[in-house]
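Engineer: In order, the protein sequences belong to chains A and B.
Residues 1 to 415, numbered by the UniProt record's numbering, are exactly what the first sequence covers, in order.
Residues 1 to 415, numbered by the UniProt record's numbering, are exactly what the second sequence covers, in order.
Read the hints as simulated data drawn from the structure, not as lab findings.
Any given hint might turn out to be false.
[To be verified] Below are the DSS-like pairs computed for lysine-lysine, each with C-alpha atoms no more than 30 Å apart in a straight line:
| # | chain 1 | residue 1 | chain 2 | residue 2 |
| --- | --- | --- | --- | --- |
| 1 | A | Lys54 | B | Lys264 |
| 2 | B | Lys19 | A | Lys407 |
| 3 | A | Lys54 | A | Lys41 |
| 4 | A | Lys404 | B | Lys291 |
| 5 | B | Lys54 | A | Lys264 |
| 6 | A | Lys54 | B | Lys253 |
| 7 | A | Lys84 | B | Lys54 |
| 8 | A | Lys54 | A | Lys253 |
| 9 | A | Lys41 | B | Lys54 |
| 10 | A | Lys291 | B | Lys404 |
| 11 | A | Lys334 | B | Lys54 |
| 12 | A | Lys253 | B | Lys54 |
Chain by chain, the residues run as shown.
Number of protein chains: 2
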Amino acid sequence: MAKIRSLVCRECGSEYPAKAIHVCELCFGPLEVKYNYDEIKQTISRRSIEAGPKSMWRYMDLLPVEGPQVVGPHAGLTPMVRAKNLGAYLGLDELYIKNDTVNHPTLSFKDRVVAVALTRARELGFETVACASTGNLANSVAAHAAASSMQCYVFIPGDLEAAKVLGNLIYRPNVVEVEGNYDDVNRLCSEIAGEHGWAFVNINIRPYYAEGSKTLAYETVEQLGWRAPDQVVIPMASGSLLTKIWKGLNEMKHVGLIDSVATKINGAQAEGCSPISTAFKAGRDFFKPVKPKTIAKSLAIGNPADGYYALKTTAESGGAMDMVSDEEIVDGIKLLAQTEGIFAETAGGVTIGVLRKLVKQGVIKKHEVTVAYITGNGLKTQEAVLEAVGRPTRIHPSLVSFEKTFKVGKHGGDA
Amino acid sequence: MAKIRSLVCRECGSEYPAKAIHVCELCFGPLEVKYNYDEIKQTISRRSIEAGPKSMWRYMDLLPVEGPQVVGPHAGLTPMVRAKNLGAYLGLDELYIKNDTVNHPTLSFKDRVVAVALTRARELGFETVACASTGNLANSVAAHAAASSMQCYVFIPGDLEAAKVLGNLIYRPNVVEVEGNYDDVNRLCSEIAGEHGWAFVNINIRPYYAEGSKTLAYETVEQLGWRAPDQVVIPMASGSLLTKIWKGLNEMKHVGLIDSVATKINGAQAEGCSPISTAFKAGRDFFKPVKPKTIAKSLAIGNPADGYYALKTTAESGGAMDMVSDEEIVDGIKLLAQTEGIFAETAGGVTIGVLRKLVKQGVIKKHEVTVAYITGNGLKTQEAVLEAVGRPTRIHPSLVSFEKTFKVGKHGGDA
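The shape of chain A in the complex, shown without the other chains (with noise of 0.2 Å):
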């Protein structure tokens, strides 16, 4: 597997093989794939992409997996979809939605990062898989894992959303329950991940796993024209998925899929849990652990693993980050569904609350070419909204009855 060249500490630059650690024995320091770029650009080409399979897969040569055989062979090439309508209202020209609440199997982005982290889990030789998850990840893990036949433990938070709850148990993993929020339940895991050999996709096989999310990234400059855009926004949990999506930007520079990278990486967190927003608008490169307590569960990580690469991520590319309240969430929600026919969950809401405040601040402006990314389905946090969409009309099941409640003429019709 000569693509991947080894795990290297992201501190001190220690290298290991490709193996199931996730952790510099030297300094502690997180482990990141780290590839031969000089050999994958020998192979790789827009076109070899083009005729790829319809799937996040066409983009196998950048992820560290040897493949052929793949778990997950139809996750991600989800639509990008242009919002006219959204970006008429926000006064942007060119809006796109990178619409991850249709991904296969289980409706989220994390189905990306799944797909990867259980080929892997597979490859060196793991039989059993599990998690640490504020929902989405639990629900894809869970899927994967009974398609492919794995044993599957995955363990959430005591409060979680009714359907994420459901979306694990349809499936029949084990369904841990911990009392306590996600930063329990992760420390808990952690713990377990020392003792059992089994592959946690977010703990020793988090450089895998996390490679996953720049599928993203990839697909956003095919789907674009092979171009990378001047600004996109980001939900932020543990800060992951924002650094995998200026990673994968640059590598599609570095191996020649495209001649420049000028994009701004803005980040999104709820008010309820903003320890990397708040850092930044601090200005400070460090972020201080918090106590979650915010709507957009799937977000609520109080110590984000990767806070500080997040921030780091973030003032490299020139841009910034934000955090809206709960109720800018829901109204971010209803925003989008209204305008673009899209339902998300609580972090959408979150994406399209900062998207709003970065284009009122000037931070985006009206000719950029923007993305935003919507990560999980609306079908998954109904909670959320309930309260917030009204009731049907209820009539009797006649003319009169409609007629009457609706106000609506006879003939008052369009053509």
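Here the structure of chain A is known, so what remains is to put chain B in place on it, guided by the hints.
Structural biologist: Frame of chain A, contents of chain B only:
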């Protein structure tokens, strides 16, 4: 628009211009779109299709719209999942799931028919769209109307699943909840369609709307490597979907995209609403309307508009029909989720349950290439399975609590 020749009466053959009409003035038979296949044949090819958009619109030559501007540009081209685990379980060598649970944007096959209906409605000059729906159709009409800035009324029965109600309200159409079941809603909408000049997608726009279902046949053939399957299993509500998949397969032969069609068309219903399957099993070519009582609410049409034609189609193709109980529907949903990682709504449980029956009966044989159509997402009908999947196992956030509860020894791992 030379590819569309006319609307033609399915009973007496009278022809009409391609306007917003759906019933023959002479014999009251239903109208259907008639094409100039000789002309279509000149331009269509496997190559032209493969070079088309990554959506159902790659088959635009065979759809009743003028184009090129369409509503719902990202609908369709959903994954064809090779179901090895489920196939092995059932004893089938080559089973596929055509997976519309991730259709764009509202997670059901209705996004196909609505994309065609609203495109055509706009072309015919309508500004207001409406529908009578068991839920999925309303969700899709509401979303597409929002995205295309059309006025919208959706009419739903009073007992709809919570997610389907919210899946309307979020897009802010006029949501009209009618006291009664779908057949009551449908009768009322027929009256309203006669009084108001709106585009009722499944009433006066029905001839165009229904054609959208053909894209499931086109995609099936292309995704199987340009061959028609031996057996298909299709859920039936009005029966329209089944008839259109048959039409689509035969059109592909007619315009020279494939050489032969020997597909057996099998229909699936729920025992609590099985007017079509009951008629078929009794050897009748007509059905008796019923009062629906089933958890498969999206299929709960007691007086199915295309029931007669569905019976005819299945007989013509040499297929079969069957029905399953509510318990078998839940089992079917769980079986699909736990073998293939796909979470389907109740209609999917009907399809899997009937597939299982037909294999057991020897109707579908081991070596036959079989496609099961999974038409909607399980997050929309959570009520149906909640009781059947158990609850998470709750633990304290400690290693001891985990190991005691799950009885897993230390270092009991794989790799």
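Engineer: So, for every hint listed, does it hold in this structure?
Structural biologist: Results of checking the hints against the structure:
1. Lys54(A) / Lys264(B): 28 Å, holds
2. Lys19(B) / Lys407(A): 28 Å, holds
3. Lys54(A) / Lys41(A): 22 Å, holds
4. Lys404(A) / Lys291(B): 28 Å, holds
5. Lys54(B) / Lys264(A): Since the Cα atoms of Lys54(B) and Lys264(A) sit roughly 28 Å apart, the hinted pair holds (cutoff 30 Å).
6. Lys54(A) / Lys253(B): This hinted pair holds, its Cα atoms lying about 25 Å apart.
7. Lys84(A) / Lys54(B): 20 Å, holds
8. Lys54(A) / Lys253(A): 22 Å, holds
9. Lys41(A) / Lys54(B): 27 Å, holds
10. Lys291(A) / Lys404(B): This hinted pair holds, its Cα atoms lying about 28 Å apart.
11. Lys334(A) / Lys54(B): Given that 30 Å is the threshold and the Cα spacing comes to 28 Å, the pair holds.
12. Lys253(A) / Lys54(B): Holds: Lys253(A) and Lys54(B) sit about 25 Å apart, inside 30 Å.
When held up to the earlier numbered hints, the structure conflicts with none and fits them all.
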